[in-house]
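Peer 1: Counted the way numbering that gives the first Met the number 0 counts, the sequence shown spans residues 0 to 183.
For the record, the hints were derived by calculation from the structure and aren't laboratory data. Each residue gets a CB set at the ideal place from its N, CA and C atoms; glycine is no exception.
Derived pair list, reagent style BS3-like, types lysine-lysine, alpha-carbon separation capped at 27 Å: (1) K137 x K119; (2) K137 x K66; (3) K66 x K179; (4) K61 x K119; (5) K61 x K179; (6) K61 x K87; (7) K137 x K179; (8) K87 x K66; (9) K179 x K87; (10) K137 x K87; (11) K61 x K137.
Here are the computed distance ranges between Cβ atoms for each label pair: (12) E104 x R134: 21 to 31 Å; (13) T175 x T65: 15 to 25 Å; (14) I129 x A172: 18 to 28 Å; (15) A97 x N150: 19 to 29 Å; (16) R90 x P126: 30 to 40 Å; (17) E104 x S130: 30 to 40 Å; (18) I129 x G99: 30 to 40 Å; (19) Q77 x R147: 22 to 32 Å.
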Amino acid sequence: MKLITKHLLLSICIATVSINCSTSEPALVKPELSSETNNSQQSVTESDTTRSIAVTINERVKYELTKIDTTWTGVALQYDTNDPLTRKIVREIPLVPAYGWSDFEDVVRFLMIFSIPDQKEIENHTPAPISNQSRSYKITVFDGENSRTYNYFNPEGELNEYWESQNIVTFGAYLTSEMKVVQE
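Produce the entire structure from the sequences given, and follow the hints as far as they go.
Peer 2: Shown next as structure tokens:
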């Protein structure tokens, strides 16, 4: 299973590096955590019983991933419109990660999904121009104690400038490519 985890993380890194091949900046750079911070994060991850991540992409698809006790569940909701006030769910799809929930937790931890800042909180942030690849991401996380929501608009245009945008795009790509429909 660890080989699959390494393979998945390596694949994510290679995909991000290929996107960034025109720059000499490292891909998926994340700040170093002190061993004290790292240890406390790990103990929270192992001891909590309820966690959740909800990712809405372009207000049309929402991934809801929930951990209760030791069991994760996932579902994708497809909406008929991107208007949050009038939209209706047209399809609900149960999901599981292709490489299992343990690998999903590794990806979430590596990309810092529970602690990454809102795009507006990135130091010296300058929005990128809108392109055909532009997406919006609304992410709500609950870590067992605290809930928060953060947003990213067009992180695809900022891959070369901000590691936070790289992590959000990588997580979005992971969700759309690695989550598989549960066969009933």
